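Using the hints provided, position chain R relative to the given structure of chain Y.
Protein chains: 2
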Amino acid sequence: MLAHRTIALDAMGGDHGPNVVVEGASISLTRHPGMDFILYGDQKAIEEELQKFPALAERSKIVHTESVIAMDAKPSQALRRGKGSSMWSAIEAVKNEEAHVTVSAGNTGALMAMSKLILRPMSAIERPAIAALWPTVKSECIVLDVGANIGADARQLADFALMGAAMARALFHLERPSVALLNVGVEEIKGDEDVKQAHAWLKETNGLPLDYRGFLEGDQIGQGTVDVVVVEGFAGNIALKTAEGTAKQIGQYLRDAMSRTVFSKLGAMLARGGFKVLRHKMDPRRVNGGTFLGLNGVVIKSHGGTDALGFASAVDLGYEMAQSGLIGRLAEDLVTFHHRIGQNAAE
Amino acid sequence: MLAHRTIALDAMGGDHGPNVVVEGASISLTRHPGMDFILYGDQKAIEEELQKFPALAERSKIVHTESVIAMDAKPSQALRRGKGSSMWSAIEAVKNEEAHVTVSAGNTGALMAMSKLILRPMSAIERPAIAALWPTVKSECIVLDVGANIGADARQLADFALMGAAMARALFHLERPSVALLNVGVEEIKGDEDVKQAHAWLKETNGLPLDYRGFLEGDQIGQGTVDVVVVEGFAGNIALKTAEGTAKQIGQYLRDAMSRTVFSKLGAMLARGGFKVLRHKMDPRRVNGGTFLGLNGVVIKSHGGTDALGFASAVDLGYEMAQSGLIGRLAEDLVTFHHRIGQNAAE
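Top line first, the protein sequences correspond to chains Y and R. Per this note's numbering, residue 1 is the first one in the first sequence, and the count goes up by one each step. Per this note's numbering, residue 1 is the first one in the second sequence, and the count goes up by one each step.
Hints were generated in silico from the structure; no laboratory data involved. Be a bit skeptical, because a hint or two may be false.
As the list claims (entries may be wrong) - Here are some, though not all, of the chain Y residues that point toward chain R, as calculated from beta-carbon distances under 7 Å:
{"hint": "1", "residue": "His-16"}
{"hint": "2", "residue": "Val-137"}
{"hint": "3", "residue": "Ile-221"}
{"hint": "4", "residue": "Phe-234"}
{"hint": "5", "residue": "Gln-252"}
{"hint": "6", "residue": "Arg-260"}
{"hint": "7", "residue": "Val-262"}
{"hint": "8", "residue": "Leu-278"}
Treat the numbers as computed from the prediction; the structure is a model and nothing was measured. Glycine included, C-beta positions come from ideal geometry on N, C-alpha and C.
If we strip away everything but chain Y, and leave its shape as in the complex, we get (with noise of 0.2 Å):
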């Protein structure tokens, strides 16, 4: 699987703009030899970027545009004033099939509020839903939805299981991966009716292409139990930001007690290549982006704080996902799992 394959980048989008996108976009280059960019947004500053890497530069194009979404604009403001910025051009290149993916730092709220204006939900999908890549003991899993919404009804987290397993199809190669749904732990309130109507039918129903394991609680998360872990974007986007503070807060931890006496500092010194592996598997840029699931196009969304090696993640994560030709298989299991509790329910 060498095609090629057009990534479009908002180069504006982020704290730092076309300083960590330009860059990252190179650092990805060098792992996937197989992309060609358009660059949306100021034509002057990318251009200054590029320069310092001409490998990119010669695969790049640029497309020239006047605005930009603020950081902190409202959805609605975005979606109003919007058109002809950096990130609605990124986005509609995905739609004219200039580019088969589209990478942006840029504000959440507004990437998905204009993604879903110009690129539509899938027809099947009421809701769209943010995937993230989480990183486990054993390699990584794929939780959704971690913010795109707030609740999910048993419909829309069925189809999230049928989206994220679409995705373990694309990134981990696997035909059937294995699913959960996120709950808690205490009997009597295992999960609220919605959970459990999601449970009863991926459970009874028969030929889909993932291998449904039932309920899952939060330990188990890490614990590479499963490839994709299903809950409501309240739950999930609070889920992956405790997990991102708990490693944050252990690595101070660490820190401090390596600093306390000269034999800890010494011992650390000594066992600096098993820290130098563990700061890798610990990094928060490994597994930088978010992936935009439901519509028709795939949206990646970069941490908007991140550097370069943070953005080339991102950009990775966009070229798989291109590879893929995830969205015509998922738009096929869509309908035939519709189709199926469809007829259970008219049973």
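Positioned in the frame of chain Y, the structure of chain R alone reads:
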């Protein structure tokens, strides 16, 4: 404050029964000499364990009970058949003012159901909550609800804020604890209507016995940004479990990293003092114990699988809560608050 306090122990609760409960109580007694105990359960089994701890035996009374609530019993079963069990009797001791607090490592659902039935929710409270102590880089904060209920409306969230503040006053000895509502980070969807309404009430109501700080994202919990974090029980339970899982995951990474090469092994040995401090900080047994808040009496739930050290933490927590006169003060706060939001609504 060295008033004597009587602790009712469900000696049969948890995976290990009297074995862990008795040794745990004995450890806690060395830290808080002002405790007496009533142990509910199989007299012979408890006596056998108590023989090993003469100082504890001197301060303990045994009340023999015949039945035990199974760890996998459904709450509804436990309510129907649980009368006279060790768990039931230990809770009744608080209702009958024979003990100041109950500690059990038994089945959470059964313990909550019985506690609600026997102790009853406080008059102004619609739903009790389970509050967890959460380690932070500064010290600890309180997070509630971590799983008593799924979902919470605005009024319940505001009540949780007052309940958490009362607990923070009791444990941290702060007159006006800082409180925040846990929320998601995406602007447009910043909380559902209940979270927004609770935010408005907490912000606008004057004279509350707390310092309301607005919204907080999941990554800030472990930074100790506030003393009390309020969230509905589904997301709260998932956040708690996710943090536990992330800590475990990073522990695994760290062990792997430190055993990679002979240098990292040597370094880890040299730095073992530092690692010991780290292990202590990350030890989940240090903060074992969920507090049931909003009932006419305090019940502490210990992890079922913990050992004596972990159970001792739950007993410590019970003692500190029993010391504090929390319920009387909380009852006043609730009356005042509900009166004020009533006034606001009438204006």
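Need the list of violated hint numbers for this structure, in ascending order. Of the numbered hints, 1 and 7 do not hold.
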